[in-house]
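Here is how the chains run, residue by residue.
Protein chains: 2
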Amino acid sequence: MKKIVIIGGCAAGPKTAAKTKRVNPDNKVELYTMENMISYSACGMPYYIKGTIPSYQNLIIRTPEDFKKQGIDVFLNHKCTQILPDEKTVVFNTFKEDGSGETKRVEYDELVLCVGSKPYTPKIKNINLENIFHLKMLDDGIKIKEKMEKSKSAIILGGGYIAIEILEAFVKNGLQVTIVERNKEIMSQFDPEISAIIKDYIIKRDGKQVDFIMDDEIMEFIGTKEFEGAVTRNGRILHADMCVIAAGVVPNAELAREAGIEIGITGAIKTDNRMRTNIPHIWAAGDCTEENCLITKKPMYAALGTIANKQGRVVGINVNTEEKGVFEAFDGILGSAVTSYFDFSMSTTGLTETKAKIYAKNTNVEPISALVTKRDKAGYMPDSKSITVKLIADKRTGELLGAQAVGAGDADKRIYTVTSALKANLTVNEFLHLDLTYSPAFSSTIDPLLTAAYKLKEQIDK
Amino acid sequence: MKKIVIIGGCAAGPKTAAKTKRVNPDNKVELYTMENMISYSACGMPYYIKGTIPSYQNLIIRTPEDFKKQGIDVFLNHKCTQILPDEKTVVFNTFKEDGSGETKRVEYDELVLCVGSKPYTPKIKNINLENIFHLKMLDDGIKIKEKMEKSKSAIILGGGYIAIEILEAFVKNGLQVTIVERNKEIMSQFDPEISAIIKDYIIKRDGKQVDFIMDDEIMEFIGTKEFEGAVTRNGRILHADMCVIAAGVVPNAELAREAGIEIGITGAIKTDNRMRTNIPHIWAAGDCTEENCLITKKPMYAALGTIANKQGRVVGINVNTEEKGVFEAFDGILGSAVTSYFDFSMSTTGLTETKAKIYAKNTNVEPISALVTKRDKAGYMPDSKSITVKLIADKRTGELLGAQAVGAGDADKRIYTVTSALKANLTVNEFLHLDLTYSPAFSSTIDPLLTAAYKLKEQIDK
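One line per chain: the protein sequences are A and B, in this order. Position 40 of the first sequence, counted from 1, bears residue number 41 in the numbering used here, the numbering being contiguous throughout. Position 331 of the second sequence, counted from 1, bears residue number 332 in the numbering used here, the numbering being contiguous throughout.
With the rest of the complex left out, here is chain A (with noise of 0.2 Å):
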């Protein structure tokens, strides 16, 4: 019998908790957050934001009493405070509603920290006005959602995938809204032709409720208590009812970065494919941690509910069976992600030609890339869509280094298509003549995926 306590209650420690229970019942397991509540999805905030899932209830996947069934203990409103390895404890304060708390110690045979992330904080003037929003936890979501709900503009500093799934909210429920990002392109995860696409569907479809202000950023916020709009590097001056800060997040590293926890060069905690530490009998996954990028062989980071999943379902096993040699591995990612905006799906895995590009400075690889914009079933279907799909691959070797598809036709599918490909190293040769299932309501009789391979195929052999 081990006490296994976890630190975190949204994806990888709830995870963490019932895979290890199930696997070894006997143990203790103690599952410790701050918040409120636990276990929710967090990536169907914008979704609760949108009006496409009714109550916010719905996103909550398991309540403490539900773990209870379980046999695991919960304890809400814990924070962490602190990690003492040697003493194989942490400790934690309890704050209370009414403003109060206590410290509170609590051993373990094995420590997971599944701490997470938190929104990036750009340093502006006056960022603290209220209707300034992060988006991070439920509480957040529920104070958007009110806020948008008696606004008719509003501001969304940052332009990647959470703030586009903010501006369709904002969008559907007529309000102005201004996106402000620094780079020259919104959605900087995919190469700067797609994100072009994406931008021009997004004028094309709301242009009149949604205006761009790129390469530039918000200086100063203005207003005394309550935000009333914010001055660019430019020197425009905007106004607005509500703000949204989506410049993406930082994991949630200080803690353990204090315990003596090694921190990888992305800033998030480092563990090896078992989900270790460098200190004995403290794990992390999720949020807080960084991965190694198949393709590159190199540190990343990415906050991303699917991965915390997979990362807490393997340590919940290895907690256990470790100690018999036995364990699962988790060997790295590729870095996919998708989103859309109303009917237009964008999705990505891999490196971009951008990022291959900057690989390929200290690398033999030789990056090249295919572009495709094909119907994504047979064309005289009459609900057939466009799609785009590029495809990246290393002109040396062949083998595949990444893709994007974006479209209102069924991108998605193709990008999935793609992870196992990239996973088994299959060279544009091997892609070539994949033989997709194909019928006219499910796709065309050559793949756009297929057309693109094609395409790269002429480059390699010239």
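Heads up, a few of these hints could be off.
Identical copies carry no separate label here, and so any pair may be met within one copy or between two of them.
[What the hints assert, rightly or not] List of simulated lysine-lysine pairs, BS3-like, C-alpha gap at most 25 Å:
#	residue 1	residue 2
1	K173	K378
2	K137	K378
3	K325	K463
4	K200	K173
5	K70	K20
6	K375	K386
7	K51	K386
8	K396	K325
9	K456	K70
10	K185	K144
11	K456	K358
12	K20	K375
13	K105	K29
14	K126	K386
15	K20	K458
16	K456	K20
17	K97	K458
18	K20	K396
19	K97	K271
20	K458	K325
21	K375	K70
22	K209	K173
FYI, nobody ran anything at the bench for these hints, they're computed from the structure.
With chain A's structure known, arrange chain B on it following the hints.
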């Protein structure tokens, strides 16, 4: 400059013609077909009958005039009657509407046989009655639709892909339909428990309009001039206004056989991976050829438009480049296929468990399988739907052998993904943590595919 003669006007033939002309515009390219139109999507015909596509004209991809512009000469109504390899000549019969016709000899430098397949016609008494249809050529589709619109009831002989697609059309048009299937399950391309799920769905949705007669077969058709009904082996007497025979197809290989071209054990023309037959300067592609199964490395027969198009492309290149020692290889297929019945999709790739067990008899393979029924998106998304995924692997090596997915949710996306895993011989352990894209609107944090892989791993580790 070479003269390339291509016989066959549906998928592989037109694709070969277009590709070979593009690769070397100096060549003389002639395309012959016995039909009175050319280059149409045979796979699209059920969608024309269903009414998804307003006109059969939509199915015509390119007209003889389109080919002419590309410098390709098209000859309609030319039925090939003989191949004379020693003289590098083919003989055609040109039949005209008035019944007349003449014999025509055509010389070639390279001959490409894309002569397709024909419906399998079971030996049934009175099979030539009016209103008994096959669905093979465009004309057939037009006639079936015409008759359907005047009919109240129909019998479909067979329970495979085409049968299910015709069934949907008939149900949509208000017909009472009886399916007569020789096997114990419809859709025998799937494992029995998956076929049962498909049949249950059809019964649940349209049980009032659809009857299944399983494990039985039609022995005799009733009628004098026109079809009136049928009598089955088990003594069932059925009455209906029309009948469609959808009992599969067989390759058109007679002419090739007579000319000394090698026919494989499947009854289709045997080629190497360059699409060459055993006779110099004679090539073959599409439904008339047999394929190499990438899993068993044994010949298999699959008459599918996507394969025909891919092979047409390959042969179109190779007839030009092979003499330089450059060629493209078509190494084989996985038997991937997909269709749907209304919103319910059914998709498969690689070996079913049934086929894997047959394969295991002469190999060391130990087939194991895992079945998972799960939502295709985050469960809290209002449009998430259920899918059932089955994965098959070899317990000994861990290599994946095949996958099936069915359901009202996005099943085909999952099978697409498995095709590249099978192509790369990925093992369950490698597939387990695949970095699939995730967002609540597109998948679940742990995709059904991965849940099935986890289940397989448990069996492998036992």
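Taking the hints in turn, this is what the structure says about them:
no.: 1; hint: K173 <-> K378; in the structure: between (28 Å within a copy, 22 Å between copies)
no.: 2; hint: K137 <-> K378; in the structure: between (37 Å within a copy, 21 Å between copies)
no.: 3; hint: K325 <-> K463; in the structure: between (53 Å within a copy, 15 Å between copies)
no.: 4; hint: K200 <-> K173; in the structure: within (17 Å within a copy, 40 Å between copies)
no.: 5; hint: K70 <-> K20; in the structure: within (14 Å within a copy, 65 Å between copies)
no.: 6; hint: K375 <-> K386; in the structure: within (8 Å within a copy, 27 Å between copies)
no.: 7; hint: K51 <-> K386; in the structure: both (24 Å within a copy, 20 Å between copies)
no.: 8; hint: K396 <-> K325; in the structure: between (44 Å within a copy, 22 Å between copies)
no.: 9; hint: K456 <-> K70; in the structure: between (56 Å within a copy, 24 Å between copies)
no.: 10; hint: K185 <-> K144; in the structure: neither (30 Å within a copy, 57 Å between copies)
no.: 11; hint: K456 <-> K358; in the structure: within (19 Å within a copy, 39 Å between copies)
no.: 12; hint: K20 <-> K375; in the structure: between (43 Å within a copy, 18 Å between copies)
no.: 13; hint: K105 <-> K29; in the structure: within (18 Å within a copy, 87 Å between copies)
no.: 14; hint: K126 <-> K386; in the structure: neither (45 Å within a copy, 47 Å between copies)
no.: 15; hint: K20 <-> K458; in the structure: between (45 Å within a copy, 15 Å between copies)
no.: 16; hint: K456 <-> K20; in the structure: between (45 Å within a copy, 14 Å between copies)
no.: 17; hint: K97 <-> K458; in the structure: neither (63 Å within a copy, 44 Å between copies)
no.: 18; hint: K20 <-> K396; in the structure: between (43 Å within a copy, 24 Å between copies)
no.: 19; hint: K97 <-> K271; in the structure: neither (33 Å within a copy, 78 Å between copies)
no.: 20; hint: K458 <-> K325; in the structure: between (48 Å within a copy, 18 Å between copies)
no.: 21; hint: K375 <-> K70; in the structure: between (51 Å within a copy, 23 Å between copies)
no.: 22; hint: K209 <-> K173; in the structure: within (13 Å within a copy, 42 Å between copies)
Checked against the numbered hints given earlier, this structure breaks hints 10, 14, 17, 19; the rest are met.
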